[in-house]
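J.: For the record, the sequence lines run as chains G and C.
Just so we're aligned, residue 1 is where the first sequence starts under this note's numbering, counting upward by one.
Just so we're aligned, residue 1 is where the second sequence starts under this note's numbering, counting upward by one.
It is worth saying that the hints were derived from the structure and are not from the lab.
Some hints could be false.
Stated by the list, open to error - Distance condition first, Cα-Cα at most 27 Å in a straight line; then the derived DSSO-like pairs of lysine-lysine:
#1 Lys22(G) / Lys37(G)
#2 Lys58(G) / Lys68(G)
#3 Lys44(C) / Lys71(G)
#4 Lys71(G) / Lys57(C)
#5 Lys71(G) / Lys9(C)
Stated by the list, open to error - So, partial list: chain C residues that the calculated Cβ filter (under 7 Å) puts toward chain G:
#6 Pro39
#7 Gly42
#8 Asn97
#9 Ser98
#10 Glu100
#11 Phe103
#12 Pro105
#13 Leu109
Using N, Cα and C, we set each Cβ at its ideal position, and we do this for glycine too.
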Amino acid sequence: GENVEQHPSTLSVQEGDSAVIKCTYSDSASNYFPWYKQELGKRPQLIIDIRSNVGEKKDQRIAVTLNKTAKHFSLHITETQPEDSAVYFCAASDNYGQNFVFGPGTRLSVLP
Amino acid sequence: NAGVTQTPKFRILKIGQSMTLQCAQDMNHNYMYWYRQDPGMGLKLIYYSVGAGITDKGEVPNGYNVSRSTTEDFPLRLELAAPSQTSVYFCASSWDNSYEQYFGPGTRLTVT
Chain G
1 GENVEQHPST
11 LSVQEGDSAV
21 IKCTYSDSAS
31 NYFPWYKQEL
41 GKRPQLIIDI
51 RSNVGEKKDQ
61 RIAVTLNKTA
71 KHFSLHITET
81 QPEDSAVYFC
91 AASDNYGQNF
101 VFGPGTRLSV
111 LP
Chain C
1 NAGVTQTPKF
11 RILKIGQSMT
21 LQCAQDMNHN
31 YMYWYRQDPG
41 MGLKLIYYSV
51 GAGITDKGEV
61 PNGYNVSRST
71 TEDFPLRLEL
81 AAPSQTSVYF
91 CASSWDNSYE
101 QYFGPGTRLT
111 VT
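Let the hints inform the model, and build the full structure from the sequences given.
T.: Quick look at the structure:
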């Protein structure tokens, strides 16, 4: 089955700096790669996703890149703000309903 | 739309007791999922369903059962509760495996 690794497990950045979180996956059949943000005590919420036919996607300060050959994808947050502090989860899935696997999460702290 | 709803919000069980965690969605989603999230950890898939009458095991199904008699409802049954089942349980739904999962607010379960 699919295995998703995520690094780093914790990340501290100064407000205004950029943050990068990287994930690798094992199943070459995976074709959908979402990123979820979970604030303390809250439910996970989708912040951005990318499909295998696209190499990069941006939404304001957030971007995701995908390298299918290397089986890795990354989340980039620019101009970080204190409200970006949360746990971020990557995930990978295919179309067949059996593989929707989350990474272990990255705790991002944005220091004022 | 209410989205994904879960009841109860909190519950304390004694070892050996049983209970059912309720989950409902009003978005007419085919796919529904149950996850558990232990403190400071990621999301582990317990069971999922691709439509009414169809369920399948995820990564950590032992000690749990599910049913999906309607599109809207996906209850999770705990039989013979054990301290290892102390966790936060999230229900989620999506159109299919390659689209955003919408999470419910979670049920915090403590087994003592």
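J.: Broken hints, numbered, in rising order?
T.: The structure conflicts with hints 5, 6 and 13, although it agrees with all the remaining ones.
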